[in-house]
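Participant: Next come the chains, spelled out residue by residue.
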Amino acid sequence: MQTAIDESLQLPQIQEPRNDGMPLDLDWVASVQANTSAIERRAKTLPGRRSVKKSHQAAWLCKAISCMDLTTLSGDDTEARVRRLCAKARQPVSPVILDKIGMTGLTTGAVCVYHDMVPTAVDALRGTSIPVAAVSTGFPAGLSPFHLRISEIGESVAAGAEEIDIVISRRHVLTGNWQALYDEMKEMRAACGHAHVKAILATGELGTLRNVAKASLVCMMAGADFIKTSTGKEPVNATLPVTLAMIRAIRAYEARTGLKVGYKPAGGISKAKDAITYLAMIKDELGGRWLQPDLFRFGASSLLGDIERQLEHYVTGNYSANWRHPIG
Amino acid sequence: MTVKEIFETMDYGPAPESSTEALQWLADRGGIAGHYINGSWGPLRDDFTTTNPATGERLAGVTNGTEEEVARAVAAARKAQPKWEKLGGQGRARILYAIARLLQKHSRLFAVMETLDNGKPIRESRDIDVPLAQRHFYYHAGMAQLMETELPDRKAIGVCGQIIPWNFPLLMLAWKIAPALAMGNSVVLKPAEYTPLTAMVFAEICTEAGVPPGVVNIVTGDGSTGAALVNSDVDKIAFTGSTEVGRIIREATAGTGKELTLELGGKSPYIVFEDADIDSAIEGLVDAIWFNQGQVCCAGSRLLVQEGIAEDFYTRLKTRMSGLRVGDPLDKCIDIGAIVHPVQLEQISKMVSDNSEGETFQTAAPSGCFFPPTLITGLHPASTLMQEEIFGPVLAATTFRTPEEAIEIANNTRYGLAASVWSENINLALDIAPKLVCGIVWINGTNMMDAAAGFGGVRESGFGREGGWEGLVAYTKPKAKPTKLKPIQAYSGNGAPSDPLDRTAKLYIGGKQVRPDGGYSKPIYGPKGALVGHAGLANRKDVRNAVEAMNAAKGWGKTTGHLRAQILYYIAENLSARANELADRIKSLTGKAGKVEVDQTIQTLFTFAAWADKYDGQAHGVPIRGVALAMKEPVGKIAVFCEDDYPLLGAVAPMAAAMSMGNRITLIGSEPFPLLATDLYQILETSDVPGGVVNILTGGHAELAPHVAGHADIDAVWSFSGSDISGTIEKAAAGNLKRTCVNHGYDHAPPAKDLLAAATEIKNIWIPYGE
Chain Z
1 MQTAIDESLQ LPQIQEPRND GMPLDLDWVA SVQANTSAIE RRAKTLPGRR SVKKSHQAAW
61 LCKAISCMDL TTLSGDDTEA RVRRLCAKAR QPVSPVILDK IGMTGLTTGA VCVYHDMVPT
121 AVDALRGTSI PVAAVSTGFP AGLSPFHLRI SEIGESVAAG AEEIDIVISR RHVLTGNWQA
181 LYDEMKEMRA ACGHAHVKAI LATGELGTLR NVAKASLVCM MAGADFIKTS TGKEPVNATL
241 PVTLAMIRAI RAYEARTGLK VGYKPAGGIS KAKDAITYLA MIKDELGGRW LQPDLFRFGA
301 SSLLGDIERQ LEHYVTGNYS ANWRHPIG
Chain X
1 MTVKEIFETM DYGPAPESST EALQWLADRG GIAGHYINGS WGPLRDDFTT TNPATGERLA
61 GVTNGTEEEV ARAVAAARKA QPKWEKLGGQ GRARILYAIA RLLQKHSRLF AVMETLDNGK
121 PIRESRDIDV PLAQRHFYYH AGMAQLMETE LPDRKAIGVC GQIIPWNFPL LMLAWKIAPA
181 LAMGNSVVLK PAEYTPLTAM VFAEICTEAG VPPGVVNIVT GDGSTGAALV NSDVDKIAFT
241 GSTEVGRIIR EATAGTGKEL TLELGGKSPY IVFEDADIDS AIEGLVDAIW FNQGQVCCAG
301 SRLLVQEGIA EDFYTRLKTR MSGLRVGDPL DKCIDIGAIV HPVQLEQISK MVSDNSEGET
361 FQTAAPSGCF FPPTLITGLH PASTLMQEEI FGPVLAATTF RTPEEAIEIA NNTRYGLAAS
421 VWSENINLAL DIAPKLVCGI VWINGTNMMD AAAGFGGVRE SGFGREGGWE GLVAYTKPKA
481 KPTKLKPIQA YSGNGAPSDP LDRTAKLYIG GKQVRPDGGY SKPIYGPKGA LVGHAGLANR
541 KDVRNAVEAM NAAKGWGKTT GHLRAQILYY IAENLSARAN ELADRIKSLT GKAGKVEVDQ
601 TIQTLFTFAA WADKYDGQAH GVPIRGVALA MKEPVGKIAV FCEDDYPLLG AVAPMAAAMS
661 MGNRITLIGS EPFPLLATDL YQILETSDVP GGVVNILTGG HAELAPHVAG HADIDAVWSF
721 SGSDISGTIE KAAAGNLKRT CVNHGYDHAP PAKDLLAAAT EIKNIWIPYG E
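Each protein sequence line maps, in turn, to chains Z and X. So the first sequence is numbered by the UniProt record's numbering: it starts at 1 and just counts up by one. So the second sequence is numbered by the UniProt record's numbering: it starts at 1 and just counts up by one.
These are calculated hints, taken from the structure and not from any lab test. A few of these clues could be false.
[Said to hold, decoys possible] Taking lysine-lysine and the BS3-like style, the derived pairs with C-alpha atoms no more than 30 angstroms apart in a straight line are:
{"#": "1", "chain 1": "X", "residue 1": "K105", "chain 2": "Z", "residue 2": "K53"}
{"#": "2", "chain 1": "Z", "residue 1": "K54", "chain 2": "X", "residue 2": "K332"}
{"#": "3", "chain 1": "X", "residue 1": "K318", "chain 2": "Z", "residue 2": "K100"}
{"#": "4", "chain 1": "X", "residue 1": "K4", "chain 2": "Z", "residue 2": "K271"}
{"#": "5", "chain 1": "X", "residue 1": "K318", "chain 2": "Z", "residue 2": "K53"}
{"#": "6", "chain 1": "X", "residue 1": "K105", "chain 2": "Z", "residue 2": "K283"}
{"#": "7", "chain 1": "Z", "residue 1": "K44", "chain 2": "X", "residue 2": "K592"}
{"#": "8", "chain 1": "Z", "residue 1": "K186", "chain 2": "Z", "residue 2": "K233"}
{"#": "9", "chain 1": "Z", "residue 1": "K283", "chain 2": "X", "residue 2": "K332"}
{"#": "10", "chain 1": "X", "residue 1": "K83", "chain 2": "Z", "residue 2": "K53"}
{"#": "11", "chain 1": "Z", "residue 1": "K54", "chain 2": "X", "residue 2": "K4"}
{"#": "12", "chain 1": "Z", "residue 1": "K273", "chain 2": "X", "residue 2": "K83"}
{"#": "13", "chain 1": "X", "residue 1": "K105", "chain 2": "Z", "residue 2": "K271"}
{"#": "14", "chain 1": "Z", "residue 1": "K54", "chain 2": "X", "residue 2": "K541"}
The structure displayed is predicted, hence computed values, not measured ones.
Between the sequences and the hints, there should be enough to build the whole structure, so can you do that?
Facilitator: Structure representation (structure tokens):
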């Protein structure tokens, strides 16, 4: 079982110091503002303001793949299903197409599974630099006993997960109990040890963008390596307005602490065009440094298929079809 | 670059929109922009060139319209107008709807042509200018449909001359033509000399939409063509452009009876309070001052930041500015395109390089007709760049300490077009909005525009509104036919006083009876030559004192409608108590029985008392999650030259109208029969009217008119006088572009609602909401 960080090639590309957090600053949390209408306007006009074409588009789509947590989180997952997904993560696009665009060797950023599937995924990805991410802490609702949530993290790390996607207690946000959220996050971060922790805010259940921004900040103060929108199980998952609220919190946190925290939108991103819009938003709001898998991930299951078709179109000039691309 | 390399750099790369179709469209039509008169093209002469500012390449030749050509277009419009009006609301609605549809069908051609000609980013012409132009025609198709039922007392003005600027060529065309056509007018429109091309495409779709020949005419040319249009036989001029040219047009049309609306410059404040969503406020600035290269009359060009957050705000703003992409406007990934013309670029560059105050931060721009986004911090209200309109991507910034100081700085300008207020505190934002002197306020937003909400300013930003119900006033007039006024001579005589006990009529200023500054009085005789009394002869210093008194009474504008109604009723009560005496006085001065006039005066007071708390604003249905509140605000300080032949009613009617809406007023009483106006002040004194709210002067209208209309601290002048002073007033009003409502020698006793409209300005407050 490989656990040492230095053997896992994807994450050790990190040049940035890890976010070890800071004391909870409630004044800062209280001062957070998020004007929903203005944020929505920015989100709505961004796709019209940014456009990438031809080889740039192909490169950006490859970037999206390299930042993708290819995910299966279903009750009917089996070992074979997970192995099939891992095979897709290793070879996300037909080698013929990758060869034509000079991107041979491109893989997804990670594979994301439930705890029980971690050993299978680790095994299936052996020999690659693709890390395994495990959703944890009573995912998706996060309402199992706290000590079990904490020990779940430990078991997943022990099983070889290098990234742990935890879920926060939404009730702490909804009741404004920032201290409780901070303490919970801090303990989860500690339980992760060397594994990187992504804090899933479940933004679709937080009520307001202001809450989203505040929860983002508190989780970063408590040492989250990434903040992530959704479990994929809420009625509303990743959206551009939520993304703006969260990445502006990341920007503010960096301005204050010098520490870069990653961002992962998850759920609902299924079109290549959407992926490009997200990348453009990250580039414009956070800067190009964030367009690397150590600071940005898509949590997605069906996005890859659309990107494959777009890449084939780029190579051949003809629109593609689903069945021409292997399923994951 | 290979995909692999781009994968590393993650650059945007070029994303060009093709110009092939638009250039072909021009080539197919001979490459000349020229006149479209009476439904056909011509003449098309290559008098000067319109170029693509981004490349400097020639796009087309442009015909410089002559006086004769303008006259021909106006004649065509004159001939076509009655039939167009008679077509009826439904008939016009169908054609306006067809225009909207055609704008949509050819949307990309319009967008590309606009970007080629003007240099604005294709994103803006495609996502903002063209859709908004369509929206104006859809909206006004509806207005045509509703005109007969909703505006039963209004009719078309006739032929409208319209002169539009180069910053939003198609959009300004739509703002001008759509309401004019909807209300049954015909138009002669002159596009700007730099940007005539989308008007050509528009002319073509007019034919396709079935617009009858002569209803829409377009003449191209430079300023001389515009001047010819102003001086031609039109009934109205609508102008959007610089304050300088607006003033010239005001003077040129003075006394001609031509209606006039002006949408001029601005130096709009962008106020950020410390509790704002700062990132959103910064993003808003991108749309405020870096929209259309800052060449926007309502651009948020003066940044006012609360002192405590200023440094943080500037730091974040500079970071954001560095992300703005300046370059080829046809690139779909460009934020800031080309400045419209090298002449403008030169002007912007000079204003910025002449400035030696504050700190200047600039990002980069390509060589050519481009100017980089620029922020100048540490300026003060006294700095030139805080006062003068730059009309480029240059943001001038200063700080404030308190809400009160923010308002003071915001209003410290000759302009008054728009303002943005950023705060998450609804109490603060909604308190600030009414206090800003301007026509549009955006709360937590900027540059929101829609056909359903009026656009336009106060002070030297011009007058009139475009869009909304309020915009229709500018393209309609009352159906009632006015009659020519007969001048009334004062009676002369040398008789003895009719009442030997002398009653001294004084002026009434600031709640006090004062002697005229000049110390001169004039004897007033009755019809049979008896001396009825003396009236003071006010001079310019009395005007000045009256204005000071009005200034001191500024609290009146903040009183409730209910209170103002109470006071108007109280005036009526006190006037009624002295009805017989006033009727006798009218008879002694005019020879006519005065009872009817006194009765009408009391009625009028009741009417305006009734309106005081009922002349409601509107909540416009704009396409955002939020509202645009059209608030009716008092104009401010109004001076009125009263009607001559109804010495009591003629003073009380405008007074009551102005008072009811919260204005302060100075009445210059009937010239031949001034003693009713002076009787009035005793009634005002007993009716709880605060001092300075109403001031009464007597004297020669012709002598006082230039001083009143020229006073920079009077907001509006009305004249119902029998003296020929309308032209004088309109001309002198050009100085501070004050609103005028004058009779041009006609019997102009406006209906109550028209007086109320003249007594108010409509401010649209945009309030997007949502948590």
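Participant: If a hint holds in the structure, say so; if it doesn't, say that too.
Facilitator: Quick rundown of the hints versus the structure:
Distance hint between K105 (chain X) and K53 (chain Z) is fulfilled; the C-alpha atoms sit about 25 angstroms from each other, no more than 30 angstroms. In summary, the hint linking K54 (chain Z) to K332 (chain X) is supported, as the alpha carbons are separated by about 13 angstroms, within the 30 angstroms threshold. Restraint check for K318 (chain X) and K100 (chain Z): not satisfied, since their Cα atoms lie roughly 41 angstroms apart, outside the 30 angstroms limit. Straight-line distance between C-alpha atoms of K4 (chain X) and K271 (chain Z) comes to about 22 angstroms, which keeps the hinted pair within the 30 angstroms bound.
Distance hint between K318 (chain X) and K53 (chain Z) is fulfilled; the C-alpha atoms sit about 28 angstroms from each other, no more than 30 angstroms. In summary, the hint linking K105 (chain X) to K283 (chain Z) is not supported, as the alpha carbons are separated by about 35 angstroms, beyond the 30 angstroms threshold. Our distance criterion of 30 angstroms between C-alpha atoms is broken by K44 (chain Z) and K592 (chain X), whose separation comes to about 69 angstroms. Proposed proximity of K186 (chain Z) and K233 (chain Z) is supported: the alpha carbons are some 24 angstroms apart, at most 30 angstroms.
A C-alpha spacing of about 17 angstroms is found between K283 (chain Z) and K332 (chain X), which places the hinted pair at or below 30 angstroms, so the restraint holds. For the hint linking K83 (chain X) to K53 (chain Z), the alpha-carbon distance of about 52 angstroms lies beyond 30 angstroms, and the restraint is violated. For the given pair, K54 (chain Z) sits about 13 angstroms from K4 (chain X) by alpha-carbon distance, which is consistent with the 30 angstroms threshold. For the hint pairing K273 (chain Z) with K83 (chain X), the CA-to-CA distance comes to about 52 angstroms; that exceeds 30 angstroms, so the pair is violated.
For the hint linking K105 (chain X) to K271 (chain Z), the alpha-carbon distance of about 28 angstroms falls within 30 angstroms, and the restraint holds. Distance check on the hinted pair: K54 (chain Z) and K541 (chain X) sit about 74 angstroms apart at the alpha-carbon level, beyond 30 angstroms; violated.
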